[in-house]
Amino acid sequence: IIQIGGVLIAGVLLWDILFRSQLGFSISFLEEIWSRNLGQLFVSPLKPLELVLSLMTISFIRTTIAMIPAALLAIPLYSFSLFQMGLSLMFFFTSLLMTGWILGIFIIAAIIRFGVAAESLAWGAIFTLAPLSAVYYPVETLPEWIRWLSLSFPQTYVFEGMREVLFSNNFNSNYFIKSIILNIIYAIIAVIVFLVSFEGARKRGGLINTGE
Numbered sequence: 001i002i003q004i005g006g007v008l009i010a011g012v013l014l015w016d017i018l019f020r021s022q023l024g025f026s027i028s029f030l031e032e033i034w035s036r037n038l039g040q041l042f043v044s045p046l047k048p049l050e051l052v053l054s055l056m057t058i059s060f061i062r063t064t065i066a067m068i069p070a071a072l073l074a075i076p077l078y079s080f081s082l083f084q085m086g087l088s089l090m091f092f093f094t095s096l097l098m099t100g101w102i103l104g105i106f107i108i109a110a111i112i113r114f115g116v117a118a119e120s121l122a123w124g125a126i127f128t129l130a131p132l133s134a135v136y137y138p139v140e141t142l143p144e145w146i147r148w149l150s151l152s153f154p155q156t157y158v159f160e161g162m163r164e165v166l167f168s169n170n171f172n173s174n175y176f177i178k179s180i181i182l183n184i185i186y187a188i189i190a191v192i193v194f195l196v197s198f199e200g201a202r203k204r205g206g207l208i209n210t211g212e
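Note that the sequence shown covers residues 1 to 212 in this note's numbering.
Simulated from the structure, these hints should not be mistaken for lab results. If a hint is listed, it holds; no wrong ones were tucked in.
Below are the EDC-like pairs computed for lysine to aspartate or glutamate, each with C-alpha atoms no more than 20 Å apart in a straight line:
| id | residue 1 | residue 2 |
| --- | --- | --- |
| 1 | K47 | E199 |
| 2 | K47 | E32 |
| 3 | K178 | E164 |
| 4 | K178 | E140 |
Have a look at the derived ranges for each label pair, beta carbon to beta carbon:
| id | residue 1 | residue 2 | range |
| --- | --- | --- | --- |
| 5 | N170 | T94 | 15 to 25 Å |
| 6 | E144 | N37 | 46 to 56 Å |
| 7 | Y137 | I61 | 25 to 35 Å |
| 8 | A117 | S35 | 12 to 22 Å |
| 9 | L77 | V191 | 35 to 45 Å |
| 10 | E31 | S173 | 37 to 47 Å |
| 11 | G124 | I184 | 21 to 31 Å |
| 12 | L77 | L46 | 38 to 48 Å |
| 13 | V191 | Y136 | 25 to 35 Å |
| 14 | I181 | E144 | 22 to 32 Å |
| 15 | G5 | N37 | 37 to 47 Å |
| 16 | T128 | I61 | 23 to 33 Å |
Computed from a predicted model, the values in this text were never measured in an experiment. The C-beta atom is built at its ideal place from N, Cα and C for all residues, glycine as well.
Sequences and hints are given; from them, build the entire structure.
See below:
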């Protein structure tokens, strides 16, 4: 029971990494819109991909600041240490951080394209993926007809790998490799979508008009 409880807590904490990395990325961009600073940013020498890199940096800082205290508090409160996973935790953290950033890029691309009407995606899009991400249960428990969709998400392999580490103390490198490969594929698609949205908004003057 304690072991299962630890796996559930680990699932919550790892999911929070994904959630906070995406939210930190998206909200940092939205803050520029809310302050009506987006137009000024893009009349500067700042390049679109430089903006993305800066959002990644801010997201990393915010996620790290939030997650370390949460993981430390789990030790006295639940007698569970996320750090017992050792180097595996670093791999999981890296993959989930990448996934959160990728989703964030898709979201800001939608905001640039459709305006603040797409702002709600920053808060809710991530939760639509939760039931299919195998956070608290193995992929095998999902209906067979939807299992393929779950396996198309990089975070699914992180949570599958997390359970294998905690239950059998074995780091399955295949899970990590599949997760990274999917992240790279989605990252390429996300950057293309972002650049297309950015160029379209630039041509129609949407960057200056975006805001509340």
